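Heads up: the protein sequence lines correspond to chains C and V, in order. The working numbering applies: residue 1 is where the first sequence begins, and numbers increase by one. The working numbering applies: residue 1001 is where the second sequence begins, and numbers increase by one.
These aren't lab readings, by the way, just hints derived from the structure by calculation. Incorrect hints may have been included.
Claimed, not checked - Cβ pair distances, simulated, as ranges:
#1 T1010(V) - S41(C): 26 to 36 Å
#2 G42(C) - F1257(V): 43 to 53 Å
#3 S235(C) - L1036(V): 55 to 65 Å
Said to hold, decoys possible - Not close to chain C: a few residues of chain V, all C-beta gaps over 12 Å, as computed:
#4 L1050
#5 L1099
#6 L1178
#7 W1192
#8 G1202
#9 F1257
#10 V1262
Predicted model, so just to flag it, every value in this text is computed and none were measured. Every residue, glycine too, gets a C-beta built ideally from N, C-alpha and C.
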Amino acid sequence: MTDSIHIALQDVIFSRSGRRILDGISLEIPRGGVTAIMGPSGTGKTTLLKLIGGQLRPEQGRILVDGQNVPELRKKDLYRMRQRMGMLFQSGALFTDLSVFENVAFPLRVHTALPEDMIRDVVLMKLEAVGLRGASQLMPAELSGGMTRRVALARSIALDPELIMYDEPFAGQDPIAMGVVVKLIRDLNSSMGLTSVLVSHDVPESLSICHFACIVADGKVIGQGTPEELRNHSSERVQQFLTGQPDGPVPFHDPARDAAEELGLTAEDSR
Amino acid sequence: MNVIAVLGRTGLDLLASLGRASQFLGATLVATVAGLMPGGGRFSVGLGLLVRQLYVVGVLSLAIIVVSGLFIGMVLGLQGYTILSDYGSESAIGQMISLTLLRELGPVVTALLFAGRAGSALTAEIGLMKATEQLSSMEMMGVDPLRRVIAPRLWAGFFSMPLLALIFSVVGIWGGMLVSVEWLGVFEGSFWGNMQSSVEFGSDVMNGVIKSIVFGLVCTWIAVYQGYDCVPTSAGISSATTKTVVYASLAVLGLDFILTAVMFGDF
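Chain C on its own, in the form it takes in the complex:
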């Protein structure tokens, strides 16, 4: 694993309730860029992020973050590694009993011994970066969905991580909120020199900001490269996903018994 690779997944297998979600997936995520992991719903994109963060353990394979194999880390080392990671959850996952200010201050209070006035300055700077300094005294219940995600983003960058993972950052956002999130991901990545990994099925938004993308389906990577390389990819399956065609290699109909047989129709009925 070279220094330019921040995360590497090697032959990772993961199953849940007897169903294989990831089937020997291998993937390399370069340092310092935005990498989009795309794919249809239910293909294990969020599972991939949880494996990288050590919240799930694979049945087989290695997950290297900065050269450390995450599943083999002891709890203490795993928690130490997570301090260098940020994760934006789909729901925001703000602590509902704490104000916006206290939510962003939470990791600082737990992991640093900064004096109170410095914590205040850092929190306000992070909130300023996501455009919500004026909302610092609001409670999470008073925020819109887009604002919740921006506060969660401010919280996830509070400790200046080296890596940030976004779980479906565009899902359920109105066009303006989506534009704000796209801008924030791009700006934070360039200004903080982060490695950003975003998991999404919103193709135009993801391809507009990523440097590298891969498409996951059936537990494997079916296509990867720069956005331009993906757009010109020869695989029909990749093209069906990128263009959103309802029928193709992934059929419109799920596999099922013959319709006439299931509906109890005889040859005479059909005449």
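Given the coordinates of chain C, work out where chain V should sit on it, guided by the hints.
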């Protein structure tokens, strides 16, 4: 054959669940100890979290405990007087009320009320934190939810229960005194005198306290485990909350029998 298979499956599921719950309790105890060791975080922060939970779990349960204790004491006074006066022994009513409350009703009813009020609230709170990914986000920030969320709640229940049970018994005795002495005219001197001569600090008061310490640990353990292990959906949280009340109540009643047999049984 199907019935046997179902019984076997249920038994295995129960055993697996018990194993997971024990592992969870062990991990919480380890997280507590790690938090108290040097480098385990600031002591004042942990103490602050514990005090907050003592307020939520203990102080906010006071109203239901005091009111229930008062009424149960008053009912004991009324029933006790009716029965004892048939034998001309109404002067022993103070002894009857105090022993009933200190040995049995204080710890048991407090635990049942605690499971219904604080236990269900703990399960719902932790379950909702899980469903809204707050526990996951805490983990991803490098903060152990067992130490930050579970341990303060577990210890708050452990410390609150004996105090609540003692308050329940004291208020109950006062309620019984109101009815039997102030209302029904039992001589005040015999009420308190008989109580003083028959109640022993070691075998009555302390055994009641030991019972409530056990109930406190078991009720809170069940409550936090059900919240942490629930299916993170609205139906899952609802089911976990119900399980907390049912399992905690059954555990309290079952354990009460065992503890009573050990403490007071004269075999």
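Each hint, compared with the structure:
1. Against the hinted window of 26 to 36 Å, the Cβ-Cβ separation of T1010(V) and S41(C) comes to about 34 Å, which satisfies the hint.
2. The supplied range of 43 to 53 Å is met by G42(C) and F1257(V), whose beta-carbon atoms lie about 50 Å from each other.
3. Separated by about 57 Å at the C-beta atoms, S235(C) and L1036(V) satisfy the suggested range of 55 to 65 Å.
4. Even its closest Cβ contact with chain C, about 16 Å, leaves L1050(V) beyond 12 Å, as expected for a residue assigned away from the interface.
5. Interface exclusion of L1099(V) from chain C stands, the closest Cβ pair being 43 Å apart, more than 12 Å.
6. Every CB of chain C is more than 12 Å from the CB of L1178(V) (nearest about 40 Å), matching its label as outside the interface.
7. Consistency note on W1192(V): stated as away from chain C, and its beta-carbon is indeed over 12 Å from all of that chain's, at 46 Å minimum.
8. For G1202(V), the non-interface assignment is confirmed: its Cβ lies about 43 Å from the closest Cβ of chain C, beyond the 12 Å cut-off.
9. For F1257(V), the shortest C-beta to C-beta distance to chain C comes to about 39 Å, beyond the 12 Å cut-off, and the non-interface label holds.
10. In this structure V1262(V) is separated from chain C by more than 12 Å, as the shortest Cβ-Cβ distance comes to about 38 Å.
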